[in-house]
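> Please build the complex by placing chain B on the supplied structure of chain Y, with the hints as guidance.
Number of protein chains: 2
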Amino acid sequence: MRIAVDAMGGDKAPEVTVKGALLAAAEINGEIILIGQKDAIEREMASQKNIPSNISVIHADEIIAMDEAPAVSVRRKKDSSINVAVKMVKDKKADAVVSAGNTGAVVCAASLFLKILPGIERPGISVFLPTLKGITNIGEEETKGPEFVKETFKLLEQQKGINFIGNVEGRDIYVGDCDVIVCDGFLGNVVLKVSEGLAEAFKEMLRRKLSTNIITKIGAFLSAPAFRALKKEIDYSEYGGAPLLGIDGICIIAHGGSSPNAIKNAIRVAQESVVQDVNKHIIEVINFGK
Amino acid sequence: MRIAVDAMGGDKAPEVTVKGALLAAAEINGEIILIGQKDAIEREMASQKNIPSNISVIHADEIIAMDEAPAVSVRRKKDSSINVAVKMVKDKKADAVVSAGNTGAVVCAASLFLKILPGIERPGISVFLPTLKGITNIGEEETKGPEFVKETFKLLEQQKGINFIGNVEGRDIYVGDCDVIVCDGFLGNVVLKVSEGLAEAFKEMLRRKLSTNIITKIGAFLSAPAFRALKKEIDYSEYGGAPLLGIDGICIIAHGGSSPNAIKNAIRVAQESVVQDVNKHIIEVINFGK
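Residue numbers (my numbering), protein chains in the order written: chain Y, 1 to 290; chain B, 1001 to 1290.
For reference, chain Y alone in the conformation it holds in the complex (with noise of 0.2 angstroms):
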C-alpha cells in the first residue's frame, strides 16, 4: 500500500501536510509518499524528530495556489504538486492520492489522468457530515441549475437497490434521516460552509453567554467535559478527508484549512479506501441499477 500525499496542497502546507503524514505514517501500514517542493518538505522534515522509515518524498517543481482556476492551471503546471501526486496513481507508483488543495484542481487533475469509471459522467465528492442519528455522506457534483435537480430525481427513482425518500430540505440534514444525501457541487459547498461557520459562531456565543457571571462560569466548567465530546463528535478533522467518487482510481480531498489530525486522518479514509475497493462496489452497483 503507497498513498502519495501532495505536501504543497492546503492553506498551512507543507507544514500540515508534513505533520499529518508523519501522524499517518506510524499509524499505517503502508508507506506515504510526500509529493512537492523537495526543499521546503525536508526543511520541514528536519524540524520533527524520529521520521519514520515508511515516509519519502517526490519533487514536484510547481504549486497550483488554492485560488488558481482549475482546468488552466491544471494544463499549464504540468510538475504541479497535484499533477504529479495523481499521475502516481495513474502510473501505478502510489494505489492512492490525498490533497488538501485547490479543491477544482484536484478534481480537475483525477478527471483527466484518471479518467472517469464507465457508466460515470462525472466524479462527485462524497462528505461526512455527523447527524442526531450518526453520519449522512453529502454527495456533491458540479453545479447545473433546478432541471438539473429534477433530471436527477427521476433518475434516482428509478434507480434499483436504494431506498429513495425524494427531496430534503436544509433542515432535514442534520436530523439524520437519510443516509446519503446528492446534490450540486456549489450547493453542497455552500451547506459545509455555512455549517461550518455557524458552529463555530455557535461556539463563540456560548462562550460568550457562558462568561456572564460567576453560575454560569462554574457552571461551563462543570460542563466541560460534555462540550469537549461535542466538539469532537462534530470536528471535520476527525472525519477525514472526502473521496472523490467515479474516477478510476483513489482520491481522497481534504478540506484547505486541515489541520495535521485531519491529514491523518484523510489518508486513513485512502487507505480503508484501498482495502475495501470502493470502486469494484462502485461499479457493480451501476451494472446491478441497469
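Among the clues, some could well be false.
Computed, partial: chain B to chain Y, Cβ under 8 angstroms [said to hold, decoys possible]:
#1 A1199
#2 I1215
#3 P1225
Covered by chain B, according to a simulated footprint, are these stretches of chain Y (three or more residues, beta-carbon under 8 angstroms) [as the list claims (entries may be wrong)]:
#4 45–54
#5 238–246
Calculated directly from the structure, the hints in this document are not laboratory data.
The model shown is predicted, which means the values in this text are computed figures rather than measured ones.
Where is the CB? At the ideal position from N, CA and C, for every residue including glycine.
Chain B in isolation, oriented as in the chain Y frame:
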C-alpha cells in the same frame, strides 16, 4: 395605521396567526385586519379572552396551500386570503400586509397587484440573521445561476453609496463582518434552512452530552441562564418577518412555522417599515446610484 394579516397562512393557521395578531394588537398603535375564512377565524378568536377593539376580520373564501404552485394558485384562487390581503394594500385599505403563507404565492401576488418600484426589476426577500457582531441582513433574489452572480458583482462594484466588499463564503456569514449579504433565493433558502436544522441538531447534541453524568447535569443546570440567553438571541421568531423589498407597498413574509410570537414580531416589522417609509429610502438610493 392598518395592517392586513393573512390569517390562513402558515403551518398552523389560523390558530397561530390569530394568537399572534392578538399579541400584536395589544402592543401596536393601529388596527389589525385578519383576512381569511371568517368562521374559522372567529372560532379561534372565541377561544381567546379579551379581544382588543383594534382587531377585525375580513372574509376570504379560498386558501393557497403551502405547497401549491405559486403563479398558478395566485391567478386561479382570486378570493384566496393571500390575494385579498395583498389587494387591501393596493386599494389603500391597509398600509402593510403580513403573511406566513406560501412564500412564492406571496411574492407573486405582491408583484402582480402592488407592482414593482420604478428602477427595480424583481423583488427580493430580506432576512435578518444573528451574527457574532449583531444582525446581518441576507437579501435573496430569484435563482439565476452562477453567471447571474458575476453580473451582480459588477453592478454592486459600480454602485455608489455602499461599501461593497466582494464575495463572501458561507463560513463568513455568521462572523458578522458584512451588514448585508446578497444571494439568489434558492441559495438563501438553503442557508436559512441548513442554519435552522444545524442549530436544532446542535441543541439536541449538546443536550445529550450534558445528560452524560451528574456532574455535567449540574453544570447544565448552572449554565441554564446562558443557554436561555443564547436561545433568545438566535431565535428567528424574535426578529419577526422578512420584508419583501422592491414592491410598491409594505409586505412582510413570515416563516411558515412561525409561533404566535413570530407573527407578533412580523406585524411589528410591518409597522416599523410603514413608520420608517422604507420604500422612500429605496427609491432615494436607486436614484443616488444613477
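> Hint by hint, say whether it matches the structure.
Hint by hint, here is what the structure shows:
With a cut of 8 angstroms, the hint placing B:A1199 at the interface with chain Y holds, because the nearest CB-to-CB distance is about 7 angstroms. Using the Cβ-Cβ criterion of 8 angstroms, the hint placing B:I1215 at the interface with chain Y is satisfied: the shortest such distance is roughly 5 angstroms. With a least beta-carbon distance of about 6 angstroms to chain Y, the hint placing B:P1225 at the interface is held under the 8 angstroms criterion. Coverage of the segment 45–54 of chain Y by chain B is violated. Counting CB-CB distances below 8 angstroms, 0 residues qualify, and the rule asks for three or more.
Remark: the segment 238–246 of chain Y is not confirmed as covered by chain B, as 0 of its residues place a Cβ nearer than 8 angstroms to a Cβ of that chain, below the required three.
Violation of the numbered hints given earlier is confined to hints 4, 5; the remaining hints are satisfied by the structure.
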